[in-house]
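Colleague: Required output: the full structure, derived from the provided sequences and hints.
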Amino acid sequence: MRATLRIATSVFRESVRDKVLYNLVLFAVLLMIASYLIGELSAGQDVKIIKDLGLGATSIFGLFIAIFIGIGLVSKEVERRSIYSLLAKPIHRYHVIVGKYLGLVLTLAVNVAVMATALYAVLAYTAWGVSPETARAWDAPALDPALVEAVGLIFLELTLVTAIALFFSTFSTPILSAALTAGFVISGHFSSDLRNFQSVVNSPVAAQLARGLYWVLPNLAQFDIKAEVVHGRTVPLSYVALAFSYTSLYVGALLVMSAFVFSRRNFK
Amino acid sequence: MKIARDAGILALAMVLMAAAVRVESFREARFPVPQFDPDQEVLYFRSGSELRRASNAFSTLTADLYWIRAIQYFGGTRRRLAAGMPGQPGPPRALSVDSSTGSTSDYSLLYPLLDITTTLDPRFNIAYRFGAVFLAESYPGGPGRPDLAVDLLEKGLRERPDKWEYMEDIGFVQYWYSHDYRAAAGWFEKASAVPGAPWWLRSLAASMLAEGGDRRSSRLMWQAIRQSAEIDWLRQDAERRLMQLSALDAIEALEKPIQAFTTKRAHAPAAWADLIRAGLVPGVPLDPTGIPYELLPDGHVGVSRSSALFPLPEEPGLSPRPPA
Numbered sequence: 001m002r003a004t005l006r007i008a009t010s011v012f013r014e015s016v017r018d019k020v021l022y023n024l025v026l027f028a029v030l031l032m033i034a035s036y037l038i039g040e041l042s043a044g045q046d047v048k049i050i051k052d053l054g055l056g057a058t059s060i061f062g063l064f065i066a067i068f069i070g071i072g073l074v075s076k077e078v079e080r081r082s083i084y085s086l087l088a089k090p091i092h093r094y095h096v097i098v099g100k101y102l103g104l105v106l107t108l109a110v111n112v113a114v115m116a117t118a119l120y121a122v123l124a125y126t127a128w129g130v131s132p133e134t135a136r137a138w139d140a141p142a143l144d145p146a147l148v149e150a151v152g153l154i155f156l157e158l159t160l161v162t163a164i165a166l167f168f169s170t171f172s173t174p175i176l177s178a179a180l181t182a183g184f185v186i187s188g189h190f191s192s193d194l195r196n197f198q199s200v201v202n203s204p205v206a207a208q209l210a211r212g213l214y215w216v217l218p219n220l221a222q223f224d225i226k227a228e229v230v231h232g233r234t235v236p237l238s239y240v241a242l243a244f245s246y247t248s249l250y251v252g253a254l255l256v257m258s259a260f261v262f263s264r265r266n267f268k
Numbered sequence: 001m002k003i004a005r006d007a008g009i010l011a012l013a014m015v016l017m018a019a020a021v022r023v024e025s026f027r028e029a030r031f032p033v034p035q036f037d038p039d040q041e042v043l044y045f046r047s048g049s050e051l052r053r054a055s056n057a058f059s060t061l062t063a064d065l066y067w068i069r070a071i072q073y074f075g076g077t078r079r080r081l082a083a084g085m086p087g088q089p090g091p092p093r094a095l096s097v098d099s100s101t102g103s104t105s106d107y108s109l110l111y112p113l114l115d116i117t118t119t120l121d122p123r124f125n126i127a128y129r130f131g132a133v134f135l136a137e138s139y140p141g142g143p144g145r146p147d148l149a150v151d152l153l154e155k156g157l158r159e160r161p162d163k164w165e166y167m168e169d170i171g172f173v174q175y176w177y178s179h180d181y182r183a184a185a186g187w188f189e190k191a192s193a194v195p196g197a198p199w200w201l202r203s204l205a206a207s208m209l210a211e212g213g214d215r216r217s218s219r220l221m222w223q224a225i226r227q228s229a230e231i232d233w234l235r236q237d238a239e240r241r242l243m244q245l246s247a248l249d250a251i252e253a254l255e256k257p258i259q260a261f262t263t264k265r266a267h268a269p270a271a272w273a274d275l276i277r278a279g280l281v282p283g284v285p286l287d288p289t290g291i292p293y294e295l296l297p298d299g300h301v302g303v304s305r306s307s308a309l310f311p312l313p314e315e316p317g318l319s320p321r322p323p324a
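Residue numbers (the numbering used here), protein chains in the order written: chain R, 1 to 268; chain U, 1 to 324.
Simulated from the structure, these hints should not be mistaken for laboratory data.
Some clues are possibly wrong.
[Stated by the list, open to error] In silico SDA-like pairs for lysine to any residue, Cα to Cα no more than 20 Å straight-line:
hint: 1; chain 1: U; residue 1: K163; chain 2: R; residue 2: P141
hint: 2; chain 1: U; residue 1: K163; chain 2: R; residue 2: G232
hint: 3; chain 1: U; residue 1: K163; chain 2: R; residue 2: S248
hint: 4; chain 1: U; residue 1: K163; chain 2: R; residue 2: L180
hint: 5; chain 1: R; residue 1: K89; chain 2: R; residue 2: T234
hint: 6; chain 1: R; residue 1: K76; chain 2: R; residue 2: L180
hint: 7; chain 1: U; residue 1: K163; chain 2: R; residue 2: E133
hint: 8; chain 1: U; residue 1: K190; chain 2: U; residue 2: Q236
hint: 9; chain 1: U; residue 1: K163; chain 2: R; residue 2: T234
hint: 10; chain 1: U; residue 1: K190; chain 2: U; residue 2: L248
Computed from a predicted structure; not experimentally measured.
Modeller: In structure tokens, the structure reads:
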């Protein structure tokens with residue numbers, strides 16, 4: 001456990017020194033500030049647009065961070081040959097995998113928290129001085145606590161994407177890992193098409209195959225509650241709990257597979 | 001030495017870049033590029049449902065972009081028409097894009113933009129309410145399509161059957177733009193039955209049925225709009241409409257002294273000074289915005305073109321007033 005935490009801390013320290021990370025977070029924050037200006041063009045819909053843009057930016061930049069850093073978690077160590085000194089220590093190989101994963105998740109948590117804080121700050125500025133009649137007309141209050149729920153589910157999605165990126169990183173080059181991870185992210189958002197494949201094909205085998213693929217591929221669409229939160233619709237806690245359970249189990253499976261692949265790799 | 005070498009390399013790069021730009025401008029002079037037509041407006045995506053699938057987790061953000069585009073399009077077209085730019089066609093008969101040229105008649109992209117916006121985000125409240133106002137507004141202030149305004153609001157009701165505001169807005173469009181006060185009363189009645197709807201909707205429905213077309217009903221309706229308006233623009237528009245109704249009252253009141261002058265002198269007054277000298281009016285009458293009313297050659301009264309109240313509305317149930 002201690003070894004895992006040490007690796008996680010080391011990954012976190014290395015990640016926060018990464019210039020790519022700073023640039024991505026800075027860009028996301030700037031985009032949120034710019035959304036205030038965009039909102040001025042929208043005939044009184046500035047709060048909605050800031051929320052949409054802020055949550056969208058958090059999601060997309062979080063994905064970039066998860067993919068760009070996740071794909072290099074193992075492959076960079078192998079490239080720099082520092083993997084040998086790491087494996088020479090009295091630790092199991094799965095400690096490396098879990099430690100790397102936790103380190104990046106911690107990095108993501110900090111970045112998502114920074115972006116969420118920036119979003120709330122822009123919303124607070126926008127809502128300051130607004131008349132009560134105008135505020136009453138909003139679907140949800142400007143500083144809506146439910147935004148935390150949306151950010152939380154975005155974070156869960158990012159932890160799942162990180163696990164996917166880490167898995168590919170254990171046996172593939174960074175470029176291929178990035179392409180495969182991006183492919184999984186896209187298919188994860190459009191996976192519902194596979195569920196209803198039997199309505200567009202005549203072959204029952206193809207339909208069954210597609211349905212099987214639907215269950216196996218990560219279902220990322222469930223993490224998207226942005227529209228509900230922005231329009232003030234309640235998302236039941238049971239929905240969030242189920243998403244959390246799904247993520248935990250899927251990430252667990254990916255980490256086990258990553259540890260399995262990593263343990264069989266010969267670095268000579 | 002190193003600095004001189006670096007400067008030389010940078011200078012070479014700049015010379016090569018300048019030469020490339022020169023060659024490009026020469027090429028464009030020889031082989032002209034197609035001219036950009038700022039008036040050509042094209043919708044790259046026609047189908048809201050396809051765009052919704054493509055934008056997936058970012059459909060509400062895409063809806064925001066389309067909403068901003070719809071507002072800019074409406075405002076820009078309205079300003080262009082108000083400035084009286086040459087070559088403007090008359091009121092649009094159909095809101096469609098000319099497929100052969102890609103060009104559009106005025107406001108023809110407005111409904112498609114609003115339709116796409118509300119398909120991307122079916123709960124985009126203001127897109128329905130504002131969009132309906134934009135669509136119903138008479139030409140040249142809008143496309144003058146109350147039918148499409150009702151279609152848009154009915155689309156909103158399919159998504160949110162509990163939204164009494166949309167029913168109120170349909171009633172308003174039916175009354176003010178379509179002059180169908182019986183249909184308007186029906187919608188106000190329907191709206192009043194929705195839980196949480198304000199009490200005055202029922203009395204508004206009754207007033208429509210009893211005195212449909214009467215200025216009092218119009219005033220009641222605009223007061224209701226002002227009270228329920230969610231944003232300043234809508235509230236201000238309702239205020240303006242109420243001032244227009246006050247102007248109509250004042251104009252009717254001014255008809256009496258003008259009639260009296262005409263009967264006595266056997267000709268209509270040429271200016272307000274004639275009426276003031278005759279002691280029929282105390283001074284030049286001002287409209288609710290403080291701009292003097294205009295005395296027309298035929299003896300009628302109208303608001304000045306420079307007034308924010310121009311043009312006065314055509315009242316439901318009454319014959320149109322002569323233009324100022």
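Colleague: State the violated hints by number, sorted upward, taking the hints as numbered earlier in the document.
Modeller: Violated hints (numbers, rising): 3, 4, 5, 8, 10; every other hint is consistent with the structure.
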